[in-house]
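Please take these sequences and the hints and turn them into a complete structure.
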Amino acid sequence: MPSTALLVPLLALALADPPTSDALILRCRIDSATQTTRTFRVAPRLLQEWKPAEKRFGPNLCEVFSCTADRAKLEGVIASASLILTLSVDRASGRGSWKTVGASGLKQTTGPCAVEREKPAPKPAGAP
Numbered sequence: 001m002p003s004t005a006l007l008v009p010l011l012a013l014a015l016a017d018p019p020t021s022d023a024l025i026l027r028c029r030i031d032s033a034t035q036t037t038r039t040f041r042v043a044p045r046l047l048q049e050w051k052p053a054e055k056r057f058g059p060n061l062c063e064v065f066s067c068t069a070d071r072a073k074l075e076g077v078i079a080s081a082s083l084i085l086t087l088s089v090d091r092a093s094g095r096g097s098w099k100t101v102g103a104s105g106l107k108q109t110t111g112p113c114a115v116e117r118e119k120p121a122p123k124p125a126g127a128p
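Take the sequence shown: its position 63, counted from the start at 1, is 63 in my numbering, and no numbers get skipped.
Some hints here could point you the wrong way.
In silico BS3-like links for lysine-lysine, alpha-carbon gap of 27 Å or less [to be verified]:
| hint | residue 1 | residue 2 |
| --- | --- | --- |
| 1 | K119 | K55 |
| 2 | K51 | K119 |
| 3 | K73 | K119 |
| 4 | K107 | K51 |
| 5 | K51 | K99 |
| 6 | K99 | K73 |
| 7 | K55 | K99 |
| 8 | K73 | K51 |
Beta-carbon label-pair distances, calculated as ranges [what the hints assert, rightly or not]:
| hint | residue 1 | residue 2 | range |
| --- | --- | --- | --- |
| 9 | E118 | S82 | 29 to 39 Å |
| 10 | K55 | E116 | 17 to 27 Å |
| 11 | F65 | A114 | 18 to 28 Å |
| 12 | T34 | R71 | 33 to 43 Å |
| 13 | L83 | Q35 | 35 to 45 Å |
| 14 | K119 | S80 | 12 to 22 Å |
| 15 | P120 | A33 | 34 to 44 Å |
If you're looking for bench data, these hints aren't it; they were derived computationally from the structure.
Keep in mind that this is a model prediction, so the values were computed, not measured.
Quick reminder that beta carbons are idealized off the backbone N, C-alpha and C, glycines included.
What follows is the structure, given as structure tokens:
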């Protein structure tokens, strides 16, 4: 059994914001009734949701849910027993979208997402 000393660094690594120069930011208004926009970071093998209370992106959802990437599209699927949320980016057009299947309770089950390229993190003072 691994020691706790080994698990803490592994957990920190899993929760860390990975450096992703090719990441896209999706802003999706999934529930139009609340006017809440959910923000995601997507890249090949990467899907993270912004956690406003923590002011950072959460863990990589591709580690537990289905994510696919090819030349034409990036797609992440978050599924439970009663609901499936699919986030997609068409690479050629730069358009993003979301879709739900199942018991979402939403009036609208599909919609667009605003897509922008992630801005690189600023370099620390004195960095080359």
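Structure-based check of all given hints:
Restraint check: the Cα-Cα separation between K119 and K55 comes to about 16 Å, which is no more than 27 Å; the hinted pair holds. Using a Cα cut-off of 27 Å, the hinted pair K51 and K119 holds, with the two alpha carbons roughly 18 Å apart. Pair hint K73 plus K119 holds up; C-alpha atoms about 20 Å apart against a cutoff of 27 Å. Proposed proximity of K107 and K51 is supported: the alpha carbons are some 25 Å apart, at most 27 Å.
Between K51 and K99 the alpha-carbon distance is near 21 Å, which keeps this suggested pair within the 27 Å criterion. Taken as a hint, the K99 and K73 pair is honoured in the structure, with Cα atoms around 15 Å apart against an allowance of 27 Å. Of the pairs offered as hints, the one joining K55 and K99 holds, with about 26 Å between alpha carbons and a cut-off of 27 Å not exceeded. Between the alpha carbons of K73 and K51 the distance comes to roughly 25 Å, so the proposed pair stays at or under 27 Å and holds.
Between E118 and S82 the CB atoms are about 32 Å apart, so this pair conforms to the stated range of 29 to 39 Å. A beta carbon spacing of about 19 Å between K55 and E116 agrees with the range 17 to 27 Å that was offered as a hint. Distance hint for F65 and A114: a CB-CB separation of about 22 Å, consistent with the stated range 18 to 28 Å. Evaluation of the 33 to 43 Å hint for T34 and R71 yields a pass: the beta carbon distance comes to about 36 Å.
The hint said 35 to 45 Å for the Cβ distance between L83 and Q35, and at roughly 20 Å that hint is violated. Evaluation of the 12 to 22 Å hint for K119 and S80 yields a failure: the beta carbon distance comes to about 32 Å. In this structure, P120 and A33 meet the distance hint of 34 to 44 Å, their C-beta atoms being roughly 35 Å apart.
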